[in-house]
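Number of protein chains: 2
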Amino acid sequence: MKITDLRCAVIGRHPIVRIVTDEGVYGLGEVEFTKTYLKPFVLHFREALIGEDPTDVERCMLKIRQRGSFKPYGAAVSAIEHALWDIAGKAANVPVYKLLGGKVRDQVRVYNGSIRRKRTGDKPEDYAADVKWMAEQPQNFFMVKQGISFHSNMKDNVEDFHYGVRQTRSGYHGAMDQGQISERGFNHMLDCVIAMKEVLGDKVSLALDCGPGWFLPDAIRFANTVEKYNLMWLEDMLTGDYVPWVNPQAYRELTLSTTTPIHTGEQIYLRHNFKELIETQAVRIIGPDPADIGGIAELKWVAEHAYMHSIMMAPHGTANGLLGLGALINVCATLPANFIAFEYPSASDPWWEDIVIGLPKQIVKNSMVDLLEAPGLGLDIDPVGAKKYLLEEDAGFFEP
Amino acid sequence: MKITDLRCAVIGRHPIVRIVTDEGVYGLGEVEFTKTYLKPFVLHFREALIGEDPTDVERCMLKIRQRGSFKPYGAAVSAIEHALWDIAGKAANVPVYKLLGGKVRDQVRVYNGSIRRKRTGDKPEDYAADVKWMAEQPQNFFMVKQGISFHSNMKDNVEDFHYGVRQTRSGYHGAMDQGQISERGFNHMLDCVIAMKEVLGDKVSLALDCGPGWFLPDAIRFANTVEKYNLMWLEDMLTGDYVPWVNPQAYRELTLSTTTPIHTGEQIYLRHNFKELIETQAVRIIGPDPADIGGIAELKWVAEHAYMHSIMMAPHGTANGLLGLGALINVCATLPANFIAFEYPSASDPWWEDIVIGLPKQIVKNSMVDLLEAPGLGLDIDPVGAKKYLLEEDAGFFEP
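Just so you know, the protein sequences line up as chains A and B, in that order. Take the first sequence: its letters are residues 1 to 400, numbered as in UniProt numbering. Take the second sequence: its letters are residues 1 to 400, numbered as in UniProt numbering.
If you are wondering where the hints come from, they were derived from the structure by calculation, not from laboratory data. Any given hint could turn out to be false.
Identical chains blur together in the list; that is why a pair holds if it fits in one copy or across any two.
[To be verified] Derived SDA-like pairs (lysine to any residue); straight-line CA-CA distance at most 25 Å:
#	residue 1	residue 2
1	Lys103	Gly358
2	Lys63	Tyr163
3	Lys63	Asn153
4	Lys2	Gly171
5	Lys275	Leu216
6	Lys132	Thr4
7	Lys132	Asn153
8	Lys2	Gln167
9	Lys98	Pro360
10	Lys63	Arg18
11	Lys387	Val25
12	Lys275	Tyr242
13	Lys63	Gln167
14	Lys123	Pro350
15	Lys63	Trp245
16	Lys203	Asp126
17	Lys63	Pro40
18	Lys63	His173
Predicted model, so just to flag it, every value in this text is computed and none were measured.
The following block holds chain A by itself, in its conformation from the complex (with noise of 0.2 Å):
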C-alpha cells in the first residue's frame, strides 16, 4: 500500500487531515480546533508522505517526526500519524488498539475540562455554581477541572492579583502573563477552592488548571496550603500550554514540596523532552495531549515510562474534536494502571455530531466512554453532510 495524497481541509475550525492511498483506503487525523492556522504546516509534510507505505507508521513517521516540536509545531505531525495509524488498523481489519498492544481496559474514564458554560463572574460563588452545573452534568464525571490564577479571567479581574507586569494588549495564550501573586490574590484563590470543595465533597474531584506564570516560591505556599482539600492535581503551574522548554528542575523543588499532586505537559512533544520530568521524579502526573506529544504511540511509550516512575497519566484533549476523542479512546484503552482518566474533548461546533460517524448518542456515561470497534481509529465523516461546511478550496478533500 503507498500513499498518494496527503490533505488537509479547516472544517469548522479543526484542521482536518486526510491520508489517501492507492487502495482506496484512507485514514483521518484531526488537529486542535485552536490551531485553525495549521493547514500549511500540515501540508508541508506532504511530499516527504507520498509513495510510503502508510502501514509501515513508524518508518513514515522516522521521516517527519523530527520536524514537529513544542506545541504547537507537535500537531501536524501528531495528526499525521494518527491518520496513519487508521489506515493500519483498516488495513488490517482491526481497531486501533489492537495494533498497540492491546487494550486493558473495556471502557475509559474521562474527566471534564471542557464541558463548560460561561462563569458568571471570578468570585467565589461564582466558581461554586460554576462546579455545581459541572457536576449535574448528564455525563456524571468523576472529576472537573476550573482554571484559575493566570489561567482565568481572575488574573485580570480580581484587583492587584499580582504584582507582574500588566500586559496592556492581548498576545498568545501561555507565558506572557507572570508576576508574584498578591496576598489577596492568594486568599482569592484559597476562598475559590473552599468554595468548590462546598459543594463536590469527595463526590466529583476537583483539579485546578493554574497557570503557566506562577514563580516557584508562590507555587509552593499554595500547593502546600491546599493540601487538606484533597485535589486531584495542580497543572501548568510553573510551565505548560504553549511554553516552549520545560524547567523540569523547578518542577522537582515544588513536587518535593508538598503531597498535593503536580500535573504538567501537554505542551511537550516527544519522550525525549519529558525524560527528565519522569526520570527526576519531577512531578506526579503528567498529561500529554496525543494530537500534540507526536502522536498516540509516542503518548503510549511515554505512558509506560512514567509508570515505571510511578508517575501517573491524565492526557490532555481539551480541543482535539471527535475524531481527537477517538484516538484518545484508542489510545488510552492500552495504557498501563498508571491512567487515571483523559480530558474529555469537545469539537469546534456542535453539528460536528451530525457528521460524524461511529459514536453512540451517549458518549459519556458515569464518566467513561465505550471503545470504539471498528478498524482503525473507529471514527469516520459523512463526506455528504460535511459539504456544506467545507470551504471552496477543500471541494475535492473527501474525494478517492
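Could you slot chain B onto chain A? The hints should help.
Showing chain B alone in chain A's frame:
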C-alpha cells in the same frame, strides 16, 4: 512609534521580514534559504505585533517568543526580532551593537562553514583536495569545517559505513540516518581527518560537522582517537541540526570522555533549552544561530551564561544570507571573550551582493569582518535592484 505592518517576501530562497512603522522607519530580518517554506509561519505573528512599539523590543518579544520552538520553528520569531532591533537602532541612530551593551571588539572573526565547491568524492584524497581549496580562498579563513559521517554523503557512498537501517527514500535532513558505525566506516573517517590535517597543518584549523545520528560509544571512541589532531571541535554528533531535543546527559558523557572539544546547539531555541547543556558542562562549545535561537539578544544572553561556565561560543549561520550576516556581526561584536568565531553565511544566490546595500566589496579579510556602522543592523535591500526577484504576490513588499 507603532508597527503598522509586518510583511514577508521570499526573495531568492530567503523569506525576508519587513516591519513597517507609522514613522516611516522600517526594519529587516532574514530567514535561512533552507527554510523557504517559512513565509506563513512569519505572517502568523503579524496581527500580534501591529500597534506595538518596535523600539521596546522585549515587550514585542514577550508576545511572540513562546510561539517559537526548536528549528525550524524559532526562525520566524528570530527574524522578526532582528527586524525589531533594526528599527530600534535606526530610531536611536546607532548600530544595534550599541543597544546590546556595546562592542568589545572592532572586528569579528569568522570561519568557513559554507563557502564550498562540490567535493570530488568522499575519499581521503577528495577531502584533502577540498580543504586545500578552502584554505586558498581569498578570505584566508583561520578555520574550515568539514562534514563527515552522517553529515555527508559518506554514510551512503562508503560501503557498509554503518549498520543502521539504510533509508532508501530521502527525508528531511536530521535525525533520520542513525546507526552503529562499522570499523571500516570508522577508519575511513580517520583517514579523511589525517589527509586533511596533512594539508592544513597548524596553519588552518579544522572542525568536523558529524551528524546527528551517532550513538555514544562510537562518538566517544572517535573523539578519543582524533585527540592528537587537535581539532577545533566535533559538532552535532548526538543531536543537532533539526533534532527537536537536546539530550544533555549523553553529551556530558561524551564531553567528559575526551580532550576533543564537543560542540552543539544550532537547532536549540531559547536559553531555557540551553540551560542544562550549559549548567552541567555537557559540551565545551555551543553554536546557537541568531536566526533560530530567538534572536540576537537571546544569543547574547546565552553567550554570557556559557562564558560563566567556561563554555566557548561559535555561532552557527550557514545559510543566513547577507542580512543574516549583519545580525551576526552586530551581536558577535558584543559577545564576551568565550567567542571563537561565527560561521560565515552564504546567501541563496550570488546576486544578493548586488542588491544588499551597506557591505564592503571584500567582506572577509584575514578571516575577519569589520563592524557595520550604519544605524540599525547596518544593511538594507535596494528596492529597485530587488524588484526583478520579487514574486507577484509580494509586489507591495517595499512600500512605505
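Hints, verified against the model:
1. Only within a single protomer do Lys103 and Gly358 lie at most 25 Å apart by alpha-carbon distance; the minimum there is 19 Å, versus 65 Å between protomers.
2. Taking the shortest Cα distances, Lys63 and Tyr163 sit within 25 Å of each other only across copies (19 Å), while inside one copy they are farther apart (46 Å).
3. In this assembly of identical chains, the alpha carbons of Lys63 and Asn153 lie at most 25 Å apart only when taken from different copies (18 Å versus 42 Å within one copy).
4. In this homomeric assembly, Lys2 and Gly171 come within 25 Å of each other (Cα to Cα) only across copies, at 16 Å, whereas the closest approach inside a single copy is 42 Å.
5. In this homomeric assembly, Lys275 and Leu216 come within 25 Å of each other (Cα to Cα) both inside a single copy, at 21 Å, and across copies, at 17 Å.
6. Taking CA atoms no more than 25 Å apart as the test, Lys132 paired with Thr4 passes in neither setting, with 50 Å inside one copy and 46 Å between copies.
7. Only within a single protomer do Lys132 and Asn153 lie at most 25 Å apart by alpha-carbon distance; the minimum there is 19 Å, versus 64 Å between protomers.
8. Taking CA atoms no more than 25 Å apart as the test, Lys2 paired with Gln167 passes between copies only; the shortest distance there is 17 Å, against 50 Å inside one copy.
9. In this assembly of identical chains, the alpha carbons of Lys98 and Pro360 lie at most 25 Å apart only when taken from the same copy (21 Å versus 65 Å across copies).
10. Taking identical chains as interchangeable, the C-alpha atoms of Lys63 and Arg18 lie at most 25 Å apart only when both belong to the same chain, with a minimum of 18 Å there against 33 Å between chains.
11. For the homomeric pair Lys387 and Val25, the shortest alpha-carbon distance inside one copy (20 Å) is at most 25 Å, but the shortest distance between copies (47 Å) is not.
12. For a Cα distance limit of 25 Å, the shortest separation of Lys275 from Tyr242 qualifies both inside one copy, at 19 Å, and across copies, at 19 Å.
13. For the identical chains of this complex, Lys63 and Gln167 are inter-copy neighbours only, at 9 Å across copies versus 40 Å inside a copy, given an alpha-carbon limit of 25 Å.
14. Taking identical chains as interchangeable, the C-alpha atoms of Lys123 and Pro350 are never at most 25 Å apart, the minima being 29 Å within one chain and 64 Å between chains.
15. For a Cα distance limit of 25 Å, the shortest separation of Lys63 from Trp245 qualifies both inside one copy, at 24 Å, and across copies, at 16 Å.
16. Proximity of Lys203 to Asp126 under the C-alpha cut-off of 25 Å is restricted to the intra-copy arrangement: shortest distance 20 Å within a copy versus 74 Å between copies.
17. For the identical chains of this complex, Lys63 and Pro40 are neighbours both inside a copy (18 Å) and across copies (22 Å), given an alpha-carbon limit of 25 Å.
18. Within a single copy, Lys63 and His173 get their C-alpha atoms only as close as 31 Å, which misses the 25 Å cut-off; across copies the closest is 9 Å, which meets it.
Of the numbered hints listed earlier, those contradicted by the structure are 6 and 14.
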